[in-house]
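Asks: Here is what each chain is made of, one letter per residue.
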Amino acid sequence: MNTLLLLLTAGASAEASQAAEAAKPDPAAIVMHHVTNQPFLGLDWLSHHLLFFVAAAALVLVAVRLAIRGYQAGVPRGLATPVEALVLFIRDEIAEKSIGHDGRKFTPLLCSFFFFILVAALLGLVPFPILRHGQWGALAVTSTGNIAVTAALAAISLVAQQYAGISRNGLWGHLKGLVPPGLPFWLLPVMILIEALGIFTKPFTLMVRLFANMLAGHMVITVLLLLIPMLAGVSTVMGIGIIPVSLVLGLFIMLLELLVAFVQAYIFTMLTAIFIGMYAHPAH
Amino acid sequence: MSPFALAHLSAGIGAGLTIIGAGYGIGRLAASAMEGIARQPNAGGDIRMSMIIAAGLIEGATFFALIVTMLLATMKG
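As they're listed, the protein sequences go chains U and R.
Residues in the first sequence are numbered from -11 upward in steps of one, following our numbering.
Residues in the second sequence are numbered from 77 upward in steps of one, following our numbering.
Isolated chain R, as found in the complex (with noise of 0.2 Å):
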């Protein structure tokens, strides 16, 4: 196998396992801030705002190593 395969087919396994790590991490944060404006649906304000950033954290760490993956995927043999 030629690097630059190898290169596509690691560029294709990289993003699929950031996706189930970001897919994983943003289900668990949803599902409690569900859980949490159910039981209190008072702060379900606060909770959906603390919701986004913290999706927005994961999703900056995902955006990384999908980055990686995008620079093997294109790159040059």
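Chain U on its own, in the form it takes in the complex (with noise of 0.2 Å):
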């Protein structure tokens, strides 16, 4: 965002096509530099996307220590109001419905996706402001927008999966149970081919899903918002004219996102709940 506050700045001002010519805008280069993973103020221990890894976790560690509390008068109050309605969503709608009443146990693995998924996304439309090379910008970063994150969290899945289906049946009924039952037997070398292609087209589903809505999304958001600057450079007038089109748009985009963010998060869970509910239970 940086990068694109400098831009603006310029673009507003009365140099704009020369700024313009000197800053050499590539809008590609410029939507790739914003999410993409980049050095916090040049650490290089730190990117963004660790630091807003860290600081999602972070934050529901502590929500969730907080709302723990809420519990000392007897009845939930504070922040255990919502923590309570989502975690009894998750444990009765998503885990219970989909993997069956031995679903309790997988609700602390289910509940840690959502929120973490869920927080992760909403700090990314935060915009922090940071100073950097003398120029105040705005960071609005979300981890789940990297793609080893996700993967992180679908190996996470897969493990979950593969030990319902291992610890329930035993390892030989789980292998058993990937194929359906009462198959003809040329057809088995196909299935078992499929079959097993699946254990891990699961998990990749996920992966993909949860990083192209995050990438999605906040390219969207840059693309409109860098309007601005593309606009100002050709004159003056159309950079002012578009400023409103540009804000209302990200705006309308920006709370599009907060739908997003709960909907992905639902969606990640209830996908590992389902597969977590077919390798536990499989066809007889």
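Take the hints with a grain of salt, since some may be wrong.
What the hints assert, rightly or not - Reference excerpt, derived from the structure (chain U facing chain R, CB under 7 Å, subset only): (1) Ala16; (2) Met20; (3) Ala200; (4) Ile255.
As the list claims (entries may be wrong) - One side of the interface only, derived from the structure: several residues of chain R facing chain U at Cβ under 7 Å: (5) Ile129; (6) Gly132; (7) Gly136; (8) Phe139; (9) Ile143; (10) Thr150.
I should point out that these hints are in silico values taken from the structure, not numbers from a laboratory.
Using N, Cα and C, we set each Cβ at its ideal position, and we do this for glycine too.
Combine both chains into one complex, guided by the hints.
Replies: Okay, here's the thing in structure tokens:
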């Protein structure tokens, strides 16, 4: 966002075209710069995604601790009320409905997925002020917009799915349950191959879906705001004229992202629960 | 036409085709879900949940294609 603000101020000034010429704005490069991982304040051991990853995790831990404190009076108050509503929703509507009665023991895992993805996505919508190279800018990063983070989440999901199958049916029962029973024997080689691939494609789609959603939302917001300096490079009047359009559209996408944050957290949790249920209770 | 220009052209066409497919899919899904809810308002909650999951699956497949177009559009010559 820093380069963007720099371009914004440069675009609004009288020497718009010269500044734009000097900065040589390549729209694709600027957008990619904003959505890919960058070193935080030039440090070589801390990057934007790592910082927001740790921040999201810490925020979830602190918020849940605070929520537990809300029970001291006997009735939930403060932060405990919304957290309890979400946890109950995950336990009753997601875990027990998709996995069955033994789904209760997966509730902590599903809650961790839900709250981490939700908080990480919501953090990405907050523009944190940052001072870099003597210029104020805004930093809005979501750590789930990094494919390594979503790959780690999906790997945990993969382990949970296989654990559910193996712990319930035994290793042999789990492997046998992968293939639907009553198949003609000549179909077996094909089905075994497909089901073995399916073990890995399920978490793979989880990984790509979350990553692409977060990346795409931030890209769209960046592109909409980038319209201002780009048109200001053409003429000052056009630059000023595009400001309200760009801001209103950007605000609309931000509201949409608020919805996407909840929906993606829900879908990741729900699909993990469904896959766990599939492996724990294969077709008989 | 340079390969670079071709990559940009195909990225634009690909993004358009992807959105046509996804829009059609999610449109069909929403239409059926609304019909279902109108016929049986009691089942509204369940239908809505299944609709969101199916929409998420369609969206996931769409994003595969969109990432390919994104890679094409940000290709360095």
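Asks: Give a verdict on every hint.
Replies: Results of checking the hints against the structure:
The beta carbon of U/Ala16 comes within 5 Å of a beta carbon in chain R, closer than 7 Å, and the hint placing it at the interface holds. With a cut of 7 Å, the hint placing U/Met20 at the interface with chain R holds, because the nearest CB-to-CB distance is about 6 Å. Interface hint at U/Ala200: satisfied, since its Cβ lies 3 Å from the closest Cβ of chain R, which is below the 7 Å cut-off. For U/Ile255, the interface hint holds, since its Cβ comes within 7 Å of a Cβ in chain R; the closest pair sits about 4 Å apart.
Contact between R/Ile129 and chain U, as hinted, is supported at the beta carbon level, the nearest pair being about 6 Å apart and thus within 7 Å. Taken as an interface hint, R/Gly132 checks out: its beta carbon lies about 4 Å from the nearest beta carbon of chain U, inside 7 Å. At about 4 Å, the closest approach between the beta carbon of R/Gly136 and any beta carbon in chain U falls short of 7 Å, and the interface hint on this residue holds. Taking 7 Å as the C-beta cut-off, the interface hint given for R/Phe139 holds, the closest approach to chain U being about 3 Å.
Among the interface hints, the one on R/Ile143 holds; its C-beta lies about 6 Å from the nearest C-beta in chain U, closer than the 7 Å criterion. Of the supplied interface hints, the one on R/Thr150 holds, with its beta-carbon coming within about 5 Å of a beta-carbon of chain U, less than 7 Å.
Every hint from the earlier list agrees with this structure, and none is contradicted.
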